[in-house]
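Trainee: So the chains spell out like this:
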Amino acid sequence: EAGVAQSPRYKIIEKRQSVAFWCNPISGHATLYWYQQILGQGPKLLIQFQNNGVVDDSQLPKDRFSAERLKGVDSTLKIQPAKLEDSAVYLCASSLDRTLSYEQYFGPGTRLTVT
Amino acid sequence: AQSVTQLGSHVSVSEGALVLLRCNYSSSVPPYLFWYVQYPNQGLQLLLKYTSAATLVKGINGFEAEFKKSETSFHLTKPSAHMSDAAEYFCAVSDRLAGTALIFGKGTTLSVSS
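Line by line, the protein sequences give chains A and B.
With my numbering as the guide, the letters of the first sequence map in order to residues 1 to 115.
With my numbering as the guide, the letters of the second sequence map in order to residues 1 to 114.
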């Protein structure tokens with residue numbers, strides 16, 4: 001069974017530029033999560049999808065971050081414009097259903113450096 | 001609101017010594033509890049999870065954790081450290097009733113010396 005795929009693995013941009021990350025969850029997983037992990041901290045949830053609907057985006061900085069999961073499968077997270085403090089690893093995870101949040105599978109992450 | 005506190009941002013042990021990483025949680029309802037390990041430049045790997053009545057949970061690589069409701073703790077242990085255990089360890093909690101995402105602690109870096 002293929003795991004959670006993310007791309008790119010690494011990205012370096014200048015502040016005020018835009019960037020997009022892609023995530024393809026495990027086949028059949030209805031719930032998709034995006035986490036932000038700043039160096040030296042634990043991951044923090046940015047947004048949680050159930051199929052193509054948003055369950056929780058309370059910690060997403062909506063003035064610059066956006067995410068979509070239009071067909072309920074893969075997802076894109078965008079930052080526009082990027083700030084220095086957005087430098088982090090962006091982790092995508094999926095679970096079969098939100099009621100099975102204890103069975104989350106993580107992708108390898110995208111490491112973003114904003115200069 | 002749920003939260004997790006990991007006591008000690010850095011723990012150093014000698015090879016063969018006991019590993020003890022501490023985690024305390026705050027939750028108004030019985031939670032799910034997890035320990036993840038992260039090696040440099042890699043993603044998160046699940047070590048073990050507590051989801052049921054069995055309070056002593058065994059995980060991969062010889063790790064185990066005990067859920068103690070009275071102490072609101074879920075400490076991670078391993079009887080004998082190996083050099084390959086050197087990594088970042090994260091404790092996490094999830095609300096089993098609401099189906100929420102994971103809430104992570106700040107992590108503990110484990111160093112193992114020979």
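In case anyone wonders, no lab produced these hints; they're calculated from the structure.
Virtual Cβ for every residue (Gly too), placed ideally from N, Cα, C.
Incorrect hints may have been included.
Computed footprint of chain B on chain A; a stretch qualifies when at least three of its residues, placed anywhere within it, have a C-beta under 8 Å from a C-beta of chain B [said to hold, decoys possible]: (1) 71-83; (2) 101-115.
Once the Cα atoms are required to be at most 20 Å apart in a straight line, the calculated SDA-like pairs of lysine to any residue come out as [unchecked claim]: (3) A:K44 with B:S3; (4) B:K49 with B:G16; (5) A:K62 with B:P40; (6) A:K11 with B:G43; (7) A:K44 with B:E88; (8) A:K44 with A:S27; (9) B:K106 with A:K15; (10) A:K44 with B:D95; (11) A:K15 with A:D57; (12) A:K83 with B:A86; (13) A:K44 with B:K58; (14) A:K44 with B:T5; (15) A:K44 with B:K106; (16) B:K106 with B:A86; (17) B:K106 with A:Q80; (18) A:K83 with A:G53; (19) B:K58 with A:S87; (20) B:K106 with A:L39; (21) A:K44 with B:A98; (22) A:K11 with B:E15; (23) B:K58 with A:Y105; (24) A:K62 with B:L97; (25) A:K15 with A:E103.
Trainee: All hints, please: hold or fail.
Mentor: Going down the list of hints, with the structure as the test:
1. 71-83: n = 0 at 8 Å, threshold three: violated.
2. 101-115: holds (count 8)
3. A:K44 with B:S3: 12 Å, holds
4. B:K49 with B:G16: 24 Å, violated
5. A:K62 with B:P40: 30 Å, violated
6. A:K11 with B:G43: The given pair, whose Cα atoms are some 16 Å apart, holds under the 20 Å limit.
7. A:K44 with B:E88: 16 Å, holds
8. A:K44 with A:S27: Violated, at roughly 24 Å.
9. B:K106 with A:K15: The given pair, whose Cα atoms are some 26 Å apart, is violated under the 20 Å limit.
10. A:K44 with B:D95: 15 Å, holds
11. A:K15 with A:D57: 24 Å, violated
12. A:K83 with B:A86: 32 Å, violated
13. A:K44 with B:K58: 26 Å, violated
14. A:K44 with B:T5: The given pair, whose Cα atoms are some 14 Å apart, holds under the 20 Å limit.
15. A:K44 with B:K106: Between K44 of chain A and K106 of chain B the Cα gap is close to 10 Å, so the pair holds against 20 Å.
16. B:K106 with B:A86: 17 Å, holds
17. B:K106 with A:Q80: Roughly 27 Å separates the two Cα atoms, so the pair is violated.
18. A:K83 with A:G53: Violated - the C-alpha atoms of G53 of chain A and K83 of chain A are around 27 Å apart, more than 20 Å.
19. B:K58 with A:S87: 35 Å, violated
20. B:K106 with A:L39: 10 Å, holds
21. A:K44 with B:A98: Within the cut-off at roughly 18 Å; holds.
22. A:K11 with B:E15: 37 Å, violated
23. B:K58 with A:Y105: Cα-Cα ~19 Å, so holds.
24. A:K62 with B:L97: Violated. K62 of chain A to L97 of chain B sits at ~27 Å, over the 20 Å cutoff.
25. A:K15 with A:E103: 36 Å, violated
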